[in-house]
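There are 2 protein chains.
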Amino acid sequence: MRSVNIGIIGLGTVGGGVVHLIQRHHDDYVEHYGIDLQIKRACSRSDGEAQKLGIADIFSTNWQDVTSDESIDIVIELIGGEHPATEIFEDAFAHGKHVVSANKALLGRHVEHLAKLASENGVQIKCEAAAAGGIPVVSTLEHDLAGNEILTIAGIMNGTTNYILSRMAQEGLGFDEVLADAQRLGYAEADPTADVDGFDAASKIAILASIGFRTRVNTDDVYTQGIRNVSATDIEMAREFGYAIKLLAIARNTPQGVDVRVHPTMIPATHQLASVSGAMNAVFVVGDAVGETMFYGAGAGSYPTASAVVGDVMSLADHIAHGKEVIPESEPFGHNLPIRAIEELHTRYYIRLTVEDKLGVLAETTKVLADDGISISHISQTKSEDTDTCTLIYMTHTAKESDMEKARIDLEALDSIRAVSSIIRIEDIEAWTEGAFDN
Amino acid sequence: MRSVNIGIIGLGTVGGGVVHLIQRHHDDYVEHYGIDLQIKRACSRSDGEAQKLGIADIFSTNWQDVTSDESIDIVIELIGGEHPATEIFEDAFAHGKHVVSANKALLGRHVEHLAKLASENGVQIKCEAAAAGGIPVVSTLEHDLAGNEILTIAGIMNGTTNYILSRMAQEGLGFDEVLADAQRLGYAEADPTADVDGFDAASKIAILASIGFRTRVNTDDVYTQGIRNVSATDIEMAREFGYAIKLLAIARNTPQGVDVRVHPTMIPATHQLASVSGAMNAVFVVGDAVGETMFYGAGAGSYPTASAVVGDVMSLADHIAHGKEVIPESEPFGHNLPIRAIEELHTRYYIRLTVEDKLGVLAETTKVLADDGISISHISQTKSEDTDTCTLIYMTHTAKESDMEKARIDLEALDSIRAVSSIIRIEDIEAWTEGAFDN
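Chains A and B supply the protein sequences, listed in that same order. If you count the first sequence from 1, position 322 lands on 994 in this note's numbering, and the numbers rise without skipping. If you count the second sequence from 1, position 372 lands on 1044 in this note's numbering, and the numbers rise without skipping.
If you're looking for bench data, these hints aren't it; they were derived computationally from the structure. Certain hints may be false.
A pair holds if it fits inside one copy or across any two, identical chains being indistinguishable in the list.
In the SDA-like style, the derived pairs of lysine to any residue whose C-alpha atoms are separated by at most 25 Å in a straight line are [stated by the list, open to error]: (1) Lys788 to Ala1091; (2) Lys712 to Thr685; (3) Lys788 to Asp708; (4) Lys1078 to Leu1009; (5) Lys1030 to Ala862; (6) Lys724 to Ala1108; (7) Lys1072 to Glu792; (8) Lys996 to Gly768; (9) Lys712 to His815; (10) Lys996 to Thr926; (11) Lys1072 to Ile1048; (12) Lys1030 to Thr733; (13) Lys996 to Gly1006; (14) Lys788 to His704; (15) Lys1039 to Glu1016; (16) Lys996 to Leu789; (17) Lys788 to Thr1059; (18) Lys996 to His704; (19) Lys1055 to Thr905; (20) Lys1078 to Gln897; (21) Lys996 to Arg674; (22) Lys996 to His815; (23) Lys1039 to His1050; (24) Lys996 to Ser675; (25) Lys1072 to Asp699; (26) Lys1030 to Gln1053.
Put together the whole structure using the sequences plus the hints.
Pasting the structure below:
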């Protein structure tokens, strides 16, 4: 039996979990799979973690010691960011090594370039951990659902924002207050931008849509709006109307192109995604044959993410250990589907206006909406207790995003309007299964 | 490019779906995967379906024409049952062909024998469709979660019974009435035994536990109880106590051995499995590293099941088309874990007694339970409207199954008791994650 040799770059939370899992399962892998996994080299900025993990003897602060080590078969890249991660991929490929990575920022923007390089060098990129942490969605899209045309990939792909929205809903608290507490508890970073502004979810849906629809969707193609503007009032009003508010990442493969976006979304309170709470993730995948499926689990964290990394390592190792060739990376992005502009979106909207408490405001705002082609399904008006303002809630019928945007500008121009406080899209969940076969 | 040649045996609902998917995706597979899938032979009892599918020219009523065809790489077995399915597997292996199958009855009982034969012949068995229809759980357990020790596999694995229980809950109807309607609508077979008595779910959990725990769990090892005895009253009472009743298949990898069983189960109404309604399936998988995951989708039906079959075919074809060797079936059942007897189960119980409406019955029944070591947490007593009986509901603290069984016999011996109408286990969901790493 030949050993399968691993080099690992990045020994943070996930890296430590990976080393621990590989050490723990070593004998089991030998016995059950005939795979002898050996960590040959490890690299990080300083050797503290390597000491703790008992791998100081194979430690280096120079990543090239890993990528250029002739004995190594698989490089695990866990440092994140674009540089030197890009150079690590490139150098690993040049040395004929496969790369397993959790780097969503890099892959969301540059997977095309990297996949091409991998292919040219006859090696593979595996990135299960980059999409939904421990939930095996990449593998499912690449392999298990190959008998399907994938119609929709949508769900909760960021644990921090779901944690914040869940606590806002449960405790009636405001965004800032919960964010501060989440930071204190370690659920949110000191700089929370990547999470709360939706960029993390945008990278993930870009990767999943690229694989699922076999077309190139770049992170920059994803319309992205975070949750900073969602208020306790919005969540409470949503509940009254039978909805929950979640930060959804949505990618739909439509005849007009790929509709791909991340934004706060109202979904029916009875929908399965509405009951996904705390830091958990859940991804809906709709295939024309299989219909609606959902995959639920931890989207982040040391061991869940390490589980995905090790799954990828083992799928490569299964071949290497048995002397079989790994099939090189193919470029599955041939479809070249157009990306639909957000302005073309047709959906329903929830609108919260803060208006002066006087007669005629309702008529005035309703007229603006009508003039801009926005048809209304429900209106709710609440007098604020300690101010001279009212809260006006409109729920609309299906309208066009560009019309809604014009209406927003026109509403803001009205003297009696203090603020267009929120506009939240109400997702048409039924549309997710459009194109599925009857069964 | 060399074509990958398929022989298909069984052209029923699923077989028709498989042929359709392979025909439909042919060009896409060539373009994106470099795989040219060709259906070379098809076999069924009569040629009606083959005519409809436009494959009458490759049709035979003799399955040996498929298994012995030298050009064929992969045999798809979709006839179900033990014979001649066993002989089909054996003959296919002898001719060096891989087998993809949805045959849960066969694999639940004989996978060990068949896996050994496949291994000896250097070929593979793939059976994603045998476990949870379209939901890719087998592949997830075999590959993606390889970095985990699997602790629990549990869920709703039979669509017919979930459909019946869902309608009973929604409409307050009795089992017989809903079953008859389900049969009329095609959700239940004319002979509903395999579904409503739990045997179908037992086969599936046997297969999943064998793969997940890498030990042999035979269908006959699974304690199995169906839903015939669940009444509208039980469902209503469960709801009052905050529970839903679902037919769960549960396999837990405990230090005392494999706890594996199928029975009606009370779970908290807020649990994700409680909201899985209609004919849908959902499987919880808990791994020590990844923690809690759930996989949701259609567990049966033509296209969902065909999706799983084609996924398996493609994973084999990916190697064959590129001239790479498929790794032969390995025997992953080495752990030889003991199976825990149901009598050793410790859980909470719901007990519904139909008793005479007279003073002293409560004291009498409570004493029997106490004498048998069953501690009570809640009691509810309801006078029946049109009879001289009362309904007594007990919810117990954790008790031992063998004590509960003794209590049942002792209760039935009481003069004042008309019937021990129901005993339903209340699942300890918390225990499913015992042994998972802290994160």
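Against the structure, the hints come out as follows:
Taking the shortest alpha-carbon separations for lysine 788 and alanine 1091, neither the intra-copy value of 49 Å nor the inter-copy value of 71 Å comes in at or below 25 Å. In the homo-oligomer, the alpha carbons of lysine 712 and threonine 685 lie at most 25 Å apart inside one protomer (19 Å), although the nearest pairing across protomers, at 51 Å, exceeds that limit. With identical chains, the CA atoms of lysine 788 and aspartate 708 are at most 25 Å apart between copies only, with a shortest distance of 23 Å across copies and 30 Å within one. Taking the shortest Cα distances, lysine 1078 and leucine 1009 never come within 25 Å of each other, neither inside one copy (28 Å) nor across copies (66 Å).
For the homomeric pair lysine 1030 and alanine 862, neither the shortest alpha-carbon distance inside one copy (43 Å) nor that between copies (67 Å) is at most 25 Å. Proximity of lysine 724 and alanine 1108 under a CA criterion of 25 Å is satisfied inter-copy only: 21 Å between copies versus 51 Å inside one chain copy. In the homo-oligomer, the alpha carbons of lysine 1072 and glutamate 792 never lie at most 25 Å apart, since the shortest distance is 44 Å inside one protomer and 62 Å across protomers. For the homomeric pair lysine 996 and glycine 768, the shortest alpha-carbon distances inside one copy (15 Å) and between copies (18 Å) are both at most 25 Å.
In this assembly of identical chains, the alpha carbons of lysine 712 and histidine 815 lie at most 25 Å apart only when taken from different copies (23 Å versus 30 Å within one copy). In this assembly of identical chains, the alpha carbons of lysine 996 and threonine 926 never lie at most 25 Å apart, being 39 Å within a copy and 36 Å across copies at closest. For the homomeric pair lysine 1072 and isoleucine 1048, the shortest alpha-carbon distance inside one copy (13 Å) is at most 25 Å, but the shortest distance between copies (59 Å) is not. Taking the shortest alpha-carbon separations for lysine 1030 and threonine 733, neither the intra-copy value of 68 Å nor the inter-copy value of 82 Å comes in at or below 25 Å.
Taking the shortest alpha-carbon separations for lysine 996 and glycine 1006, only the inter-copy value of 24 Å comes in at or below 25 Å, while the best intra-copy value is 27 Å. For the homomeric pair lysine 788 and histidine 704, the shortest alpha-carbon distance between copies (14 Å) is at most 25 Å, but the shortest distance inside one copy (34 Å) is not. With identical chains, the CA atoms of lysine 1039 and glutamate 1016 are at most 25 Å apart within one copy only, with a shortest distance of 23 Å there and 71 Å across copies. In the homo-oligomer, the alpha carbons of lysine 996 and leucine 789 lie at most 25 Å apart both inside one protomer (21 Å) and across protomers (22 Å), since each shortest distance falls under that limit.
Taking identical chains as interchangeable, the C-alpha atoms of lysine 788 and threonine 1059 are never at most 25 Å apart, the minima being 60 Å within one chain and 78 Å between chains. With identical chains, the CA atoms of lysine 996 and histidine 704 are at most 25 Å apart both within one copy (18 Å) and between copies (22 Å). For the homomeric pair lysine 1055 and threonine 905, the shortest alpha-carbon distance inside one copy (13 Å) is at most 25 Å, but the shortest distance between copies (46 Å) is not. Taking identical chains as interchangeable, the C-alpha atoms of lysine 1078 and glutamine 897 lie at most 25 Å apart only when both belong to the same chain, with a minimum of 18 Å there against 61 Å between chains.
When the C-alpha separation of lysine 996 and arginine 674 is checked against a cutoff of 25 Å, the pair qualifies both within a copy, at 12 Å, and between copies, at 19 Å. Proximity of lysine 996 to histidine 815 under the C-alpha cut-off of 25 Å is found in both arrangements, the shortest distances being 19 Å within a copy and 17 Å between copies. In this assembly of identical chains, lysine 1039 and histidine 1050 lie within 25 Å of each other by CA distance solely inside one copy; the values are 15 Å within and 59 Å between copies. With identical chains, the CA atoms of lysine 996 and serine 675 are at most 25 Å apart both within one copy (13 Å) and between copies (20 Å).
Taking the closest pair of Cα atoms, lysine 1072 and aspartate 699 never come within 25 Å of each other, the shortest separation being 59 Å inside a single copy and 36 Å across copies. For a Cα distance limit of 25 Å, the shortest separation of lysine 1030 from glutamine 1053 inside one copy, 12 Å, qualifies, whereas the shortest one across copies, 57 Å, does not.
Hint compliance for this structure: hints 1, 4, 5, 7, 10, 12, 17, 25 are broken, all remaining hints hold.
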